[in-house]
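Here are the chains, one letter per residue:
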Amino acid sequence: MHMNRMKDRSVSLTDLTKNFLEIEPDLTAKEALDEANRCLYCYDAPCITACPTSINIPSFIKKIASGNLKGSAKVIMEANPVGASCARVCPTEELCEGACVLNNASQPIMIGNLQRHATNWAIHNNAQLFKAGMKNGKSVAIIGGGPAGLSSARELARLGFDVTIFEAKEKAGGLDTHGIVSFRLPQRVSMWEVEQVESLGVMIRTNVMVGRDIEPDEILNTYDAVVLAVGMANVPLVGMEGETVQGVYDAIEFVESTKTPPMDTHLIGKKVVVIGAGNTAIDAATCSVRLGAADVKMLYRRTEAEMTAYEFEYEFAKQEGVEFRWLTQPVGIIQNDEGEVTGVKCIRMELEAADESGRRRPMPVKGSEFTVEADAVIRAIGQTRYVRLIEAFGLTHKWGTVKVDSNTYQTSNKKVYAAGDVIFGDGQGDAMVVSAAEQGKQTAYSIYEQLVGSGMAQTS
Amino acid sequence: MADLRVNFAGIQAPNPFWLASAPPTNSGYQVQRAFEAGWGGAVWKTLGDPVINTSSRFAAMHFNGQRVAGFNNIELITDRPLEVNLKEIYETKKRFPNHAVIASLMVEPKQEKWHEIVKKVEAAGVDGLELNFGCPHGMAERGMGAASGQVPELVEKQTRWAKEAANTPVIVKLTPNITDITATAWAAVQGGADAISMINTINSLAGVDLDSWNTVPNVAGKGAHGGYCGPAVKPIALNMVAECARNPEINIPISGIGGISNWKDAAEFILMGAGSVQVCTAAMHHGFSIVEDMIDGLNNYLDDKQLASVEELIGRTVPRYSDWGNLDLNYKIVASINKDTCINCNKCHIACEDTAHQCIDMLTSPDGNKYLQVREEDCVGCNLCSIVCPVDGAIDMIEIPNGPPMTWNERQTAIEQPIA
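If you read the protein sequences in the order shown, they are chains A and B.
By the count of numbering that gives the first Met the number 0, the first sequence reaches residue 459 at its end, each step adding exactly one.
By the count of numbering that gives the first Met the number 0, the second sequence reaches residue 419 at its end, each step adding exactly one.
Treat the hints with care, since some could be wrong.
[What the hints assert, rightly or not] Here are the simulated distance ranges between beta carbons: (1) A:Glu30 x B:Asp78: 37 to 47 Å; (2) B:His61 x A:His123: 19 to 29 Å; (3) B:Ala219 x A:Ser53: 32 to 42 Å; (4) B:Asp366 x A:Val364: 39 to 49 Å.
[Unchecked claim] If you want a taste of the chain B side facing chain A, the calculated C-beta under 7 Å gives, among others: (5) Gly64; (6) Ser385; (7) Pro389; (8) Val390; (9) Ile399.
Just so you know, the hints here were simulated from the structure itself, not pulled from any lab data.
For each residue, glycine too, the CB sits at the ideal point set by N, CA and C.
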């Protein structure tokens with residue numbers, strides 16, 4: 000995100016959908032050309048190394064400069080099947096743009112925005128960038144149509160597999176479709192990536208929840224391999240009084256509700272409290288602002304130093320007018336006689352000395368209870384895991400993080416591979432969309448190697 | 000404040016920055032605006048028998064997002080009646096008596112034609128004449144411009160005809176579309192020229208439209224070669240000026256033309272022997288106001304160099320320009336990479352590895368930092384790495400001691416000497 004490029008940030012209270020339009024404008028053709036020409040075209044470029052999917056960034060930028068936008072989009076999407084979404088959601092300051100050598104000389108290249116420019120071209124021109132490979136007679140089931148699942152499916156289809164994605168929701172795309180705020184990533188971008196995968200002959204069975212609509216055993220018996228890419232589930236309970244009452248929301252569901260019109264108007268002018276300080280918490284807070292809330296506060300039991308949100312997300316939230324209350328632990332929801340939420344009972348915290356993991360545990364300060372007024376409360380303290388499903392497949396896991404072989408992405412069941420958020424945690428994996436995309440690709444290559452032949456997988 | 004006034008072959012001007020004979024000097028209105036902006040002189044767009052110009056005339060070469068790296072035109076000489084031009088010259092000179100107004104001329108290679116036009120324009124009060132023997136397109140098909148400028152005998156003869164009638168200094172403008180410009184420059188000297196100017200434009204085709212497959216520019220679907228100028232031609236022009244300047248038989252002033260866009264370009268031409276410079280493309284790209292920084296920048300430069308006047312700068316680099324055979328074969332420089340300034344783009348490495356002498360290694364220090372290092376023993380001092388390096392000061396070319404000087408010519412002489 001480039002704060003200085005953001006459009007008018009005022010919030011409309013009469014047309015909430017306006018508030019959810021992409022906040023950073025596309026580069027104009029001239030901006031893109033100027034920026035592309037500024038790229039040094041480094042050799043052994045650090046931006047490529049910094050990209051989890053190893054997009055050949057100098058190559059795609061050079062192609063923008065030469066006017067070969069189709070070639071540019073293909074370089075991006077080849078390495079990253081969700082490259083149009085990643086152009087918008089990647090923490091580029093921490094990845095490619097953070098690694099750009101120009102950080103040391105002038106300003107880093109706006110790689111994310113150039114990636115968006117090239118993939119926009121492909122979207123607007125309806126470009127079919129890849130084709131399915133010759134059928135190899137093998138079939139793969141992918142459970143979950145998010146970034147990891149789509150990425151795996153795209154590569155498997157190019158390698159000649161028959162691929163079926165089982166998607167519990169009405170639309171595929173996972174987090175990109177449902178979980179990322181629209182003013183960062185409009186749903187149509189994610190849906191284009193879904194269509195790109197479908198156009199390779201991948202069958203996407205939406206509204207099919209494995210474990211409810213089809214049994215894991217049936218899948219294991221029907222397909223030659225299975226990729227588990229179910230991601231993570233809802234936000235856990237905070238463990239405070241009254242948190243299941245109406246007026247208390249799950250941040251994931253809350254953000255999802257803003258992805259498609261009509262927009263909920265009942266937060267207009269209201270006070271919203273968000274519990275947590277990660278990236279999802281920031282999303283919930285900024286969505287609240289854009290739904291017209293008059294006052295949005297984030298409560299976090301630790302301090303600014305420990306918050307897990309990216310620096311640019313934190314900065315964005317502050318600019319949106321979100322207030323932060325550090326060292327604040329919510330302990331209960333306060334309701335009025337009509338059962339409406341009126342506030343959050345909190346207690347002040349202090350940090351203990353660092354333990355051996357280096358993290359400082361927050362401890363309540365006795366007698367420091369106080370109340371924060373609120374009309375709505377959003378829980379955003381992380382995500383739970385699909386433990387029941389993981390266990391139905393009989394996979395080894397730790398607290399819902401599926402164990403995989405770091406080379407092959409095979410789980411404890413050699414026929415089942417896993418990628419994305421379902422393998423993130425306990426020191427394994429990474430929570431970014433771009434990491435999920437890379438893991439998805441790797442499962443495809445690994446399956447090819449196991450089922451079809453050794454050697455490098457060749458795609459067309 | 001240095002003195003920027005020049006006396007170029009007897010033509011006085013408040014500074015050496017003149018507009019070249021071209022579209023910017025098409026009319027009195029334009030030339031007067033230019034003088035108001037600060038230009039020291041103007042060579043009026045070539046006078047002759049009026050022509051008809053085409054619609055769609057200019058095109059440019061853009062490079063990596065930079066507009067107008069090179070400029071191409073198929074416009075001919077003035078298409079306005081001679082009387083109108085002469086009247087405007089008279090008015091301009093009257094309003095700006097201290098500025099140099101020079102008439103560019105082009106007529107058929109006939110003695111009476113030259114006599115006639117020289118008399119007419121001198122009557123209008125010009126300070127000098129410039130014979131256009133360079134225009135490479137259109138007029139050349141009619142035996143004028145570059146067609147006569149490519150034949151040394153015609154250059155000499157026509158210069159003489161002009162001189163026979165002229166009372167003001169005669170500058171001969173040379174075409175670069177020849178093998179050796181000193182041949183035509185020498186012919187101009189033989190013809191009695193008071194000065195030479197160079198270069199006129201270079202034969203060119205700006206491009207081809209990849210959608211329509213038409214040439215760029217095209218006139219109703221047909222193209223013809225034009226003349227090329229602008230920043231991209233500067234090194235070609237600079238060499239031609241320098242070759243004439245260092246030639247002892249071409250001992251007349253030179254007005255430098257070709258890709259001059261700012262005071263630095265101008266200073267380079269002056270150092271290579273130019274007594275004035277002429278500008279066109281840069282003015283066409285940005286307007287007349289660019290002369291302000293040309294004057295200001297040159298002034299500051301002369302002050303920095305502690306020179307009292309621009310005349311003191313003229314030709315100072317000429318003695319350092321020679322033949323390849325006089326270069327010291329034992330001189331050795333090697334690249335040295337400054338790790339503190341280097342940003343690790345590795346462009347020097349790949350340039351050297353793929354296209355030069357494979358002597359820049361990509362290394363990793365024990366603490367994990369990547370760095371680049373030159374193997375001096377394999378470096379030939381080609382400069383490529385320092386050319387592709389995007390950061391000033393990251394690569395220095397350092398001189399290392401390598402024995403007494405020995406040029407190719409000295410070496411050959413030594414070999415040929417019989418052993419006593």
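field: Minimum beta-carbon distance criterion (7 Å), serine 385 of chain B to chain A
entry: 15 Å, violated
query: Does isoleucine 399 of chain B pass the interface hint, meaning its C-beta sits closer than 7 Å to a C-beta of chain A?
result: 27 Å, violated
message: A closest beta-carbon separation below 7 Å is what the hint needs, so does proline 389 of chain B meet it against chain A?
response: With a closest approach of 5 Å, the proline 389 of chain B hint holds.
field: Consistency of beta-carbon spacing, valine 364 of chain A to aspartate 366 of chain B, with hint 39 to 49 Å
entry: 43 Å, holds
message: Range first: 37 to 47 Å. Now tell me if the beta carbons of glutamate 30 of chain A and aspartate 78 of chain B are that far apart.
response: For glutamate 30 of chain A and aspartate 78 of chain B the Cβ distance comes to about 40 Å; the hint holds.
Valine 390 of chain B as an interface hint toward chain A, with CB separation required under 7 Å: 5 Å, holds
field: histidine 61 of chain B versus histidine 123 of chain A beta-carbon gap, inside 19 to 29 Å or not
entry: 25 Å, holds
- request: Could you check if glycine 64 of chain B really has its C-beta closer than 7 Å to a C-beta on chain A?
  value: With a closest approach of 4 Å, the glycine 64 of chain B hint holds.
- prompt: So does alanine 219 of chain B sit 32 to 42 Å from serine 53 of chain A, Cβ to Cβ?
  reply: At roughly 51 Å between Cβ atoms, serine 53 of chain A and alanine 219 of chain B fall outside 32 to 42 Å, so the hint is violated.
In summary, the numbered hints that this structure violates are 3, 6, 9.
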